[in-house]
Amino acid sequence: MTSTTINGRPLPLPDDPDALLIDVIRDGGLTGTKLVCGSGVCGACTVLLDGTPVVSCLLPAQAAAGKSLTTIEGVGAAGLHPVQKAFMAHDALQCGFCTPGFVVEAAAFHDGWRATKGAATPSREEIAAALSGHLCRCGAYEGIFRAVAEACSGRFDGNEPIAPRLEARDKVTGLARYTVDVHHDGQLEGVILRAHVAHARITGLDLAPARAIAGVAAVVPLLDDDNMVRFVGAPIAAVAAKDRRTALQAIAAISFKPEPLPAVIGLDAARRDDAPVVFEKKDRKRAGNVSEGAGGAPVSWKGNVRGPSAPFSQKAKRAKSWLDEARQQRNPLLVEETFRVSTQQHASLEPHAAVARFDGDQLIVHISTQAIHESMEKIAKRYGLPHDKVRVIADHVGGGFGSKGSVGLETIAAIELARAAKAPVRVAFDREEELSVTGYRPAAELKLSLLPSAEGRLKALSLTAHADTGAAVNSLIAGLARLIYPAEAKELVDFDVLSNLPPGAPFRGPGGPPMSFALEQAVDEAALRMKVDPIQLRKLWDPDPNRQRLYDWAAGLDVWKSRKPAASQTGRYRRGVGVATGYWLYLWQTGSSVELAIKGGRIVASCAVQDIGTGTRSVIANTVAKAFDLEPHDVDVRIGRSSLPRGPGSGGSRVTASLVPPTLLAIDKLKAEIRRTASRTPAPGSNAPWREMIAASPDIAVSAKRQEDGKPPPGVRPALHEAGIMGRVFGWVLRLMSHMVVGAGVPSSVQVMEVEVDTWLGHVRVLNAYTGLAVGKLAAPALARSQAAGAVIQGIGYALYESRETDPSSGHILSGSMEDYRIPGIADMPKLDVHFDEAGFEHVPGGSVGIGEVATVPTSPAIANAIRDAIGVRLTEIPFRPDRLVAALKGRDAA
Amino acid sequence: MSVAVITANPTPEFRAGGTDFSERRRSGVSQGMLIDISTSGDKTISWGADGAARIGALATIATIATDARILAAYPGIAASAQGLATPQVRNVATLGGNLAQRSRCWYFRRADIDCLKKGGSTCPARSGNHLYGVAFDLGPCIAPHPSTMAAALLAYDATITTDRRSGLTISGLLGDGSVAHADHTLAAGEMIKNIALPAPLEGERASYKRAISRTYAEWPLVELCARVVIAGGKFQLVRLAAGGVAPVPLRLTAVEVQLSGKLANAASIAEAAKAASSGAKPLPMTAYKLDLLQGLVRDVLERLSD
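Line by line, the protein sequences are chains A and B.
Taken in order, the first sequence gives residues 1 to 895; the numbers are from our numbering.
Taken in order, the second sequence gives residues 1001 to 1306; the numbers are from our numbering.
Read the hints as simulated data drawn from the structure, not as lab findings.
Note that the structure is predicted; figures quoted are calculated from it, not measured.
Virtual Cβ for every residue (Gly too), placed ideally from N, Cα, C.
Treat the hints with caution; some may be incorrect.
Unchecked claim - To spell it out: a stretch of chain A is covered by chain B in this simulated footprint if at least three of its residues, at any positions, have a beta carbon under 8 Å from a beta carbon of chain B; those stretches are:
(1) 15 to 23
(2) 60 to 67
(3) 799 to 811
(4) 817 to 827
(5) 876 to 883
The shape of chain A in the complex, shown without the other chains (with noise of 0.2 Å):
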């Protein structure tokens, strides 16, 4: 047997050939060491091999014999390393797992630089091609550079610094620990068996055969009792072994005959007449859902064509007909186009996971969810169990995006095995699951037919949008259009579009990005036509007081006042802006709840609320901090429990809003008990009068549920009410179905965009983007500003790279791996200018409300604007890839 030596310790290494680095790393209990895309892309994996960064997924183990390993415990072992001080410092992270492999590589860059190079500052290019083998979907790039940058310059050589997010310590350190970190002792493996064909009924299970084998402690069915899979990639059983290698052996074992059936993919195919069906009427309710809460009024279904859904449509007909009579007049205004976006994939580092486990007859379950409280309550509904009978546990989240919203089949899959296992079972998805099955954001085709009127105002709206939803319905795009720019009349009309792939889910403001792809194209080929400046006109035509102030930061920019014309270009890199608007609604939680307790002279702040990255910790700890005139570390944030005081759900932006509003009524309690229960008062004229009560008090506990907002200022209505009677019913259906609240006021997002284009290479690069944002007060403003760095280079990605490709005929997910499914890299962050508006929510308390999904609503219609102002041809296709671009401009020089 060889052996490695693994930070410092020796490692004995298995004689199995095929036995690689990563597993022998985390099977030893290292588990900082993420893995991600098992394919050398993402370097989440990476460590060092005699100080040389390697990707430990793809590592033979037997590699790393008699050489030295080391892994993220190992640097900084014997105290933070500077690259680790300065990630904390610049908030250089958000859900912390690619930290870890990001960390490494830029430790062994530092030390390589500092030795060569002293303490000179490494450029961006020099950091981007250094780190150029790791990506992050929280899109952390813009701290990660100037965190490595300023390491390099000798500015954390000293003490640790203090960091804006509250674990971010444990989350350079790689000791945070994530669902897929979490191992019982006797913890099996468990597996699913999926469906290699699009649309089958599916006879003759014999689990028998899996059973047989030895080291697999569990079989379970998972069809649905009509015994159809209706995509590649369905759920047909599960398996629990004592590990992976056995469970998959164990799956290929199980036998069942696929009764084939005809198969449809994808939206144009699915749309035709001849097309074969879905879901017949009987199994229709078995249909997903591609929307954040409940589904509305009963909308008509034929085939695999879900709708017309209009209820936001307001005198569709007039709007028809004006439309019609323009179309005849020929009216030079008129602007219509046929739009399309692509499907996007939430590609969330860490799977979906779940560790189930049952203690006498307690359920716990660790699971990578952006909703512990709910879990809990739909696994005790589902399992028929008290709701103190089941702990749902998520201390660390690895992104989830809006797919990891509701309890997934890793959880139930966990929780059946483990149940006929009598054991632990952990079942991760891998990459391909994760970026074929566990949802996306629907492609659309989007026709658009926009009217101003002779006196330039906007007269009329028509968008039709069908939705590429796969085995799910409910997208709501065109009628989001309802919501701002009021016109005289609107046409929105919304399909879904069922074929035989994978459901569709929620994702950052679902229909958000695709609608406003659209729209704000069309509101800038408006101006175009009517030559008059695109800013100025949506001053013009978008009333909302928080967008008119985000207005007039935009005008004001030099990037935009020094425009150049199209026209005016004539090399082969163009250069062009473009701008455009994003809205989304201000939403809270009913019975969001927070306890505020003082345990041993600190404070402790409860909540049943997940941090996916986002901040919730941070949150919490600064509202609580700064009442008390403390440090956020001097408050112990436990959160991550399902037992704790019930928290929302971290979907809708809606957590700062749900949260801050009661821990500012329980911090007013804990103050009045603390002095209540004082034995003695602060010496006068202290300095730090509420530290030192604290730290006499007795243990004592308050707690307080959301509150009703205050009244709002005239003009400062809920985004719904833009919707008329049917915004005000959906409101009230939302608030009782899913207790979530349209509160008054609408987060806004404002983005200025300068990109240039390689008219030879097709490629296009966003230099500089710019980003206005109205989310009211900010609760914790680094955090803020990491949220809306990560939104603008995710939206990047959709409008330049990510495209979900299938096979047209038997459905399989061609882009199941990171290589293939393309999000951006360091290299591709533009430089970043964030601007907020803390205005326009002051009836809130606390003043601050969500910002994740606002701020990547407008990012791919101002880059697609700024490629017509550098090319002077407008793009209506996203991704816009080199083959996209290169066809443009091709037609260009053509027409």
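Once you have looked at the hints, place chain B on chain A.
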């Protein structure tokens, strides 16, 4: 995704750095016997008196990318090595492994889809989604050859020695693209030992670039390694080897011929670049690669003419 897997390929495979092999092993595409050669082969770079290099098959891509003498003598080889994969992969991936790696076709890479390269009878990409397929349709398989180094070595007239054959050109090693089931002509159990480069020419310059959608770390849509000798303002030699467009790396001889003796300026380059698609047979989804190829010819040759 965990799926029942295809019929095992019984051919034993060599593993050098493992960066291609391990991924196919994890997905179940590779199931045969494995022979690890990572510690038994030649990883040195040796130099002849004439200034010609011989590179051991196990030399890492990072070594080739940063070796000072390679950088000076064969800048196109070094630049190609710098341009491929990620820093961590380059640190362990080897030159021999880069040449012998398997196709990146997304049908080939899925264990639950049969294809020509897995011994099947049809190419699912041809009738399916071949966005990243070839633009020179030379054979039944329409996946471009994945080796960036092969294109660079083609531009340099490198020869390969295996444990059974010597003096193999890149064409000899990789074939002409007409054999569907393999990515190279190596027999079962035949191993690449080293790669010999001819001595550099007097005054030659070289460059490499790939067209991709992001900035880094992406398989090339199209890539180009170019060598030129310019004297008296005119092209004395032009060597262009393109990857990403055909089942094997391609010499762009029509462009080379057209530029020979021409003034090394933007106008003559732009004119000759149009010949880059000479002989091309694009697929329904791959015509864009010809535009990119033309753009790359202009980009790389203009930089070399400065």
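(message) Count the residues of the segment 60 to 67 of chain A whose Cβ falls closer than 8 Å to any Cβ of chain B, and tell me whether that reaches three.
(response) holds (count 3)
- Do at least three Cβ atoms from the segment 799 to 811 of chain A come closer than 8 Å to Cβ atoms of chain B? Holds, because 8 residues of the segment 799 to 811 of chain A bring their Cβ atoms closer than 8 Å to Cβ atoms of chain B.
How does the coverage statement for the segment 15 to 23 of chain A fare against chain B, requiring three or more residues with Cβ below 8 Å from a Cβ of that chain? Our answer is that it holds, as 3 residues pass the Cβ test (under 8 Å) against chain B, meeting three.
Are 3 or more residues of the segment 876 to 883 of chain A near chain B, judged by a Cβ distance of less than 8 Å? With 4 residues in contact (Cβ-Cβ under 8 Å with chain B), the coverage given for the segment 876 to 883 of chain A holds.
Quiz item: Can the segment 817 to 827 of chain A be counted as covered by chain B under the rule of three residues or more with Cβ-Cβ separation shorter than 8 Å?
Solution: Satisfied; 7 residues make the cut.
When held up to the earlier numbered hints, the structure conflicts with none and fits them all.
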